[in-house]
Amino acid sequence: MTVYAFYLFDRQGNCLCYREWSRPKLMKDATQDQKNTFGLLFALKNFCQKLSPTQPGGIVKNYSTDVYSLHYFESLTGLRFVLLTSRGSGDLSGVLRDIYLNVYVDTVIRNPLYVPGKSIQSQLFLSKLDSSIKALACFQDNESRK
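Residue numbering for the sequence shown follows the numbering used here, beginning at 797 and increasing consecutively.
The set of hints was computed from the structure by calculation and includes no laboratory data.
Hints may contain errors.
[Claimed, not checked] Here are the simulated BS3-like cross-link-like pairs (lysine-lysine), alpha carbons at most 25 angstroms apart as the crow flies: (1) K831 x K846; (2) K846 x K914; (3) K924 x K914; (4) K857 x K841; (5) K930 x K841; (6) K831 x K857; (7) K846 x K857; (8) K914 x K824; (9) K841 x K831; (10) K831 x K914.
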């Protein structure tokens, strides 16, 4: 299994962080790719809420196509954490929750120099994010095949 990419969006759909590890198809326009990804998440969330037989509506944690899986975690403040992997990696929404609690909060929220809504440039955040992703079994499976 392979980890392709990570996105972090604010509640307005601005991409605060994008990281790529092993994405075979390179995007020609990263900004358009980010807008499409956020639009998909927005539409999926609304769709699930409208179809849900109970209130509040269902929460999207992940979905799979025949090629990839998308894993999703949304914080109470509206931050959206997204991880693209190959199929068969299981539900990684809990991993995204841990990245929010143990990486984002510790290195971004507690950083007095960070301006909310701006792109995350913190090398500490990026380093801890890389470490968290590379510790996943699905990432290690990909590394052992090289």
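Each hint, compared with the structure:
1. Restraint check: the Cα-Cα separation between K831 and K846 comes to about 23 angstroms, which is no more than 25 angstroms; the hinted pair holds.
2. A threshold of 25 angstroms between alpha carbons decides the hint, and for K846 with K914 the separation of about 32 angstroms lies outside it, so the pair is violated.
3. Restraint check: the Cα-Cα separation between K924 and K914 comes to about 19 angstroms, which is no more than 25 angstroms; the hinted pair holds.
4. Straight-line distance between C-alpha atoms of K857 and K841 comes to about 10 angstroms, which keeps the hinted pair within the 25 angstroms bound.
5. With a C-alpha separation of about 28 angstroms, the suggested pairing of K930 with K841 is violated against the 25 angstroms cut-off.
6. For the proposed pair K831 and K857, the alpha carbon gap of about 19 angstroms is at most 25 angstroms, so the pair holds.
7. For the suggested pair K846 and K857, the alpha carbons sit about 16 angstroms apart, so the restraint of at most 25 angstroms is met.
8. For the proposed pair K914 and K824, the alpha carbon gap of about 23 angstroms is at most 25 angstroms, so the pair holds.
9. Between the alpha carbons of K841 and K831 the distance comes to roughly 15 angstroms, so the proposed pair stays at or under 25 angstroms and holds.
10. A C-alpha spacing of about 16 angstroms is found between K831 and K914, which places the hinted pair at or below 25 angstroms, so the restraint holds.
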